[in-house]
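K.L.:
Here are the chains, one letter per residue:
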Amino acid sequence: MMQSLNFPPPIYNNYYIPTPQKANHFLFRNRRDQTHRFPPLLLAAKHDLALDDDEDIGGGVAPLPEGLRREVMPRHVAVIMDGNARWARQRGFLEASAGHEAGGRSLRELVELCCEWGIRVLTVFAFSYDNWTRPKVEVVFLISLFEKMLRSELDNFMRNGIRVSTIGDSSRLPESLKKLLSDVEEKTRDNSRLHLIVAVSYSGKYDVVQACRNIAQKVKDGAVQMEDIDESLLEQELETNCAQYPCPDLLIRTSGEHRISNFLLWQLAYTELFFAEALWPDFGKAEFIEALASYQQRQRRYGGRRRS
Amino acid sequence: MKNAGIDKAIEILGKLVRFLRKIMIHIISVGPMPDHVAFIMDGNRRFARKNNLSEAAGYRIGLLALISCVKYCSELGVRYVTFYAFSIDNFKRRSDEIQPLMDLFLEYIEGLMKEGSIVSRYGIRVYFQGNLKLFSEPVRLAAENAMLATAHNSKLFLIVCLAYTSTNEIVHAVQESCEEKWGGAILLNENEKNDAESFVKVTDIDKNMYMAIAPEPDILIRTSGDTRLSNFLLWQTTCTYLYFPSSFWPEIGFRHLLWAILNFQRHHQYLTKRKKQG
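Quick mapping for you: the protein sequence lines, in order, are chains A and W.
If you count the first sequence from 1, position 196 lands on 200 in this note's numbering, and the numbers rise without skipping.
If you count the second sequence from 1, position 271 lands on 283 in this note's numbering, and the numbers rise without skipping.
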C-alpha cells in the first residue's frame, strides 16, 4: 500500500535501477521498541527511515526536495528558535513582539514541512526556564501569543494528525494556559503523523533532576534497588519519554549562536548539531533543507569504528 | 658546520614564533579570558590515513598535539584543561584497536611522572576522571599514582577523561547522592521524615559529578568537523561556547585556540548574564 505513495524518480537512464523499496521494513521490525542509543551500525542508515508501513500516518508523504535521501532522514528534529528579538530590532521595531509573531509563522511553516517530509517527532524550545527573567511585558506577550496559536492551530493539528505534548515545569504558567495545554494534549492524543513536543518553561538540568528525584523516591520506597540505577532507568524518567523517539537525531539552533543553553541535556548525547546563521523568523524551507542535507552527510558512529 | 647553522636558524625561528605568540596573547588578554577549555580529540585515525601513517603513529602525533595544547593554554592563563581521551562507547571497538591505545596511555601516564616532563615544568596537577574501574589493573594503578604524585601542583589542572561518558557520570552522581541521603540514614532514622533534607537537589548532583573539581567549561573545541557532543560534558556545557574546526586533532594549532577565544569574548557578556540568572 505504501509503495503507491512513493514517487520514484523519472527513469531517463537505462542503467538506472530504482531503489527497490529498501524500505523493506519487515526486515527491521524491532526498531520501534529498541532503545535508539546504540543501534547496530549496519542498521543505522535504514533505521533512520521515516516511512513506517505498520502505522497509519494519516496523509501521504510528499516527495523530498532535490538532494535529500529518504532513507537518511532524521526521525526526531529539535529546534532552538533563537533570534526573534534581534530580528525585530534589525527591522526597527521597538518591541520584540513583532519578532515573536514572525517567529510563530516560521514555526507553522516548519511543522508543515516536517509533516510533509515524514519526520516523526519535532521538539521546539519555545520558552526556557531561564527566560522567566526577561521583561514582564515580553513574557506576558509570549504567553498570550502561545495561547492564541494553540487555539487557532487546533483544527490544523487534528486535520494533519499532529499530536501535541508539552515538557517543562508547568507550575509557573498561568491557569488558562495550563488548562488549554491539557485540553490540546487530550484532544490530539491519538494523532500519529507528527509528534510536536513544545518545551515551555523547560530546562534540561531540571529535567534530569526531576528524573533523579523520581528514581531517588523509588529507591526510598524500595521499588528500585540502588544497584539497579542505570542509564536506561534514568532515560525512562525524563520528560521526553512520551515520544516514540526521545532522542533527537538533529538539533538546529538559529541566529548563529554556538551553544546549547540548557535544552535537552541528556537527550543530546549523540545528536548532530547544526548552527544556522539565519535568525528564527528568517528560517524557512531553504534553510531547513540545508540543515537536513548537512545531517545526511554525517557519519554517525556512536563511539564505534567507521565501517569503510 | 652546516647543521649547526641550520639548528641555529631553527632556534631563532622558534624564539620569534614564541615572541609573536606572546604579543598576540597580550592583545587578546584585553578582553575576558576563559578559565576552563575542554577538547574532544577527534580525527587521529583519519589524519593517519590522510598522511599514509599507521594508526599508532596517528595517536602518537595526537599526543604531541595534546602536549602543545596544554602548553598554549598555560601561556594563555587558562587554569583548567579537559581532554576527552577515551569514551565508554569506545570499548565497543575491536580489542586490536583498543590495545595500542591502552599501551599509549600507560606510556604517557608513566612519562608524566618523570623528571622534566611538562607536569613539573608547568606545575600541572593531573586528574584522570571517569569510571576507571573499567580499565585493566596496570592502567588504573598508573593513573592513581600519577594523580597522587602531582597532587601538590596547582598552577594548571589537567583533566583527562578516561572511560567517561556524561550519562554515566550523571547516573553515578545520582547513585552517590542517594547513597548520601539514604544509604546510612535509612537504617538510623526510620521515622524521621525531614522532607526538605531528603530531596535530591541540583547541588547534590553537582557535588557528586566526576567533573566537580573544575568549573563549567568556557569553551569546548571538537576537531575534525563533526558537530556533536558524543556524550561529553552534557551537564556542564549549558552555557559553553562550542567551536568545531574542521582540522583533525593532530593538526590543531594555536590559531584554533585564538579564534575560539576571540569568539568566546564576543559572546561573553551575554553568557555571564545568563549564568547569573541560571
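These are computed hints drawn from the structure, not numbers from a lab.
One thing to keep in mind: the hints can contain errors.
[Stated by the list, open to error] For lysine-lysine, the following DSSO-like pairs were computed, each having C-alpha atoms within a straight-line distance of at most 30 Å: (1) 152(A) to 140(A); (2) 167(W) to 193(W); (3) 104(W) to 62(W); (4) 20(W) to 193(W); (5) 209(A) to 213(W); (6) 222(A) to 213(W); (7) 140(A) to 182(A); (8) 209(A) to 183(A); (9) 193(W) to 209(A); (10) 213(W) to 182(A); (11) 104(W) to 209(A); (12) 34(W) to 20(W); (13) 27(W) to 126(W); (14) 83(W) to 34(W); (15) 167(W) to 126(W); (16) 145(W) to 224(A); (17) 224(A) to 83(W); (18) 145(W) to 219(W); (19) 222(A) to 34(W); (20) 183(A) to 62(W); (21) 219(W) to 209(A); (22) 219(W) to 167(W); (23) 140(A) to 213(W); (24) 145(W) to 126(W); (25) 193(W) to 219(W); (26) 289(A) to 191(A); (27) 209(A) to 145(W); (28) 167(W) to 34(W); (29) 224(A) to 62(W); (30) 219(W) to 222(A); (31) 27(W) to 83(W); (32) 145(W) to 222(A); (33) 104(W) to 167(W); (34) 222(A) to 209(A); (35) 289(A) to 152(A); (36) 219(W) to 224(A).
[Said to hold, decoys possible] Distance ranges between label pairs, derived from CB positions: (37) 260(A) to 15(W): 32 to 40 Å; (38) 224(W) to 232(A): 20 to 28 Å; (39) 90(A) to 191(W): 44 to 52 Å; (40) 116(A) to 191(W): 32 to 40 Å.
Ideal placement from N, C-alpha and C gives every residue a C-beta, glycine not left out.
K.L.:
Now tell me, hint by hint, if it's right for this structure.
P.N.:
Results for each hint:
Of the pairs offered as hints, the one joining residue 152(A) and residue 140(A) holds, with about 18 Å between alpha carbons and a cut-off of 30 Å not exceeded. With a CA separation close to 35 Å, the supplied pair residue 167(W) and residue 193(W) exceeds the 30 Å bound. Note on residue 104(W) and residue 62(W): the hinted pairing holds, with a Cα-Cα distance of about 24 Å set against a maximum of 30 Å. For the given pair, residue 20(W) sits about 64 Å from residue 193(W) by alpha-carbon distance, which is inconsistent with the 30 Å threshold.
The hinted pair formed by residue 209(A) and residue 213(W) meets the criterion: a straight-line CA distance of about 11 Å does not exceed 30 Å. Between residue 222(A) and residue 213(W), the direct Cα distance comes to roughly 16 Å. Compliance with the 30 Å bound is thereby established for this hinted pair. At roughly 19 Å between alpha-carbon atoms, residue 140(A) and residue 182(A) fall within 30 Å of each other, so this suggested pair holds. A hinted pair counts as satisfied when its Cα atoms are at most 30 Å apart, and residue 209(A) with residue 183(A) qualifies at roughly 25 Å.
Of the pairs offered as hints, the one joining residue 193(W) and residue 209(A) holds, with about 20 Å between alpha carbons and a cut-off of 30 Å not exceeded. Simply put, residue 213(W) and residue 182(A) have alpha-carbon atoms about 25 Å apart, close enough for the 30 Å limit, and the pair holds. For a cut-off of 30 Å, the pair hint linking residue 104(W) to residue 209(A) stands: about 28 Å separates their Cα positions. Between the alpha carbons of residue 34(W) and residue 20(W) the distance comes to roughly 21 Å, so the proposed pair stays at or under 30 Å and holds.
For the hint linking residue 27(W) to residue 126(W), the alpha-carbon distance of about 26 Å falls within 30 Å, and the restraint holds. In summary, the hint linking residue 83(W) to residue 34(W) is supported, as the alpha carbons are separated by about 12 Å, within the 30 Å threshold. Restraint check for residue 167(W) and residue 126(W): satisfied, since their Cα atoms lie roughly 18 Å apart, inside the 30 Å limit. Taking the CA atoms of residue 145(W) and residue 224(A), the gap is near 27 Å; set against the 30 Å cutoff, the hint holds.
About 48 Å separates the Cα atoms of residue 224(A) and residue 83(W), which puts this hinted pair outside 30 Å; it is violated. Between the alpha carbons of residue 145(W) and residue 219(W) the distance comes to roughly 20 Å, so the proposed pair stays at or under 30 Å and holds. Between residue 222(A) and residue 34(W), the direct Cα distance comes to roughly 56 Å. Violation of the 30 Å bound is thereby established for this hinted pair. Restraint check for residue 183(A) and residue 62(W): the C-alpha separation of about 59 Å exceeds 30 Å, so the hint is violated.
Distance restraint check for residue 219(W) and residue 209(A): the Cα-Cα separation of roughly 14 Å lies within the 30 Å cut-off, and the hinted pair is therefore satisfied. The straight-line distance between the Cα atoms of residue 219(W) and residue 167(W) is roughly 23 Å, inside the 30 Å bound, and the hint therefore holds. A threshold of 30 Å between alpha carbons decides the hint, and for residue 140(A) with residue 213(W) the separation of about 28 Å falls inside it, so the pair holds. Between the alpha carbons of residue 145(W) and residue 126(W) the distance comes to roughly 25 Å, so the proposed pair stays at or under 30 Å and holds.
About 13 Å separates the Cα atoms of residue 193(W) and residue 219(W), which keeps this hinted pair within 30 Å; it holds. Pair hint residue 289(A) plus residue 191(A) holds up; C-alpha atoms about 29 Å apart against a cutoff of 30 Å. Restraint check for residue 209(A) and residue 145(W): the C-alpha separation of about 27 Å stays at or below 30 Å, so the hint holds. Straight-line distance between C-alpha atoms of residue 167(W) and residue 34(W) comes to about 19 Å, which keeps the hinted pair within the 30 Å bound.
Using a Cα cut-off of 30 Å, the hinted pair residue 224(A) and residue 62(W) is violated, with the two alpha carbons roughly 55 Å apart. At roughly 22 Å between alpha-carbon atoms, residue 219(W) and residue 222(A) fall within 30 Å of each other, so this suggested pair holds. Our distance criterion of 30 Å between C-alpha atoms is met by residue 27(W) and residue 83(W), whose separation comes to about 15 Å. With a C-alpha separation of about 27 Å, the suggested pairing of residue 145(W) with residue 222(A) holds against the 30 Å cut-off.
Pair hint residue 104(W) plus residue 167(W) does not hold up; C-alpha atoms about 36 Å apart against a cutoff of 30 Å. Distance check on the hinted pair: residue 222(A) and residue 209(A) sit about 20 Å apart at the alpha-carbon level, within 30 Å; holds. Between the alpha carbons of residue 289(A) and residue 152(A) the distance comes to roughly 24 Å, so the proposed pair stays at or under 30 Å and holds. Note on residue 219(W) and residue 224(A): the hinted pairing holds, with a Cα-Cα distance of about 20 Å set against a maximum of 30 Å.
With their beta carbons about 51 Å apart, residue 260(A) and residue 15(W) fall outside the hinted range of 32 to 40 Å. Under the hint 20 to 28 Å, the C-beta atoms of residue 224(W) and residue 232(A), about 24 Å apart, fit the expected range. One distance hint, 44 to 52 Å for the beta-carbon pair residue 90(A) and residue 191(W), holds here, with the actual separation near 46 Å. The given range of 32 to 40 Å is broken by residue 116(A) and residue 191(W), whose C-beta atoms sit roughly 50 Å from each other.
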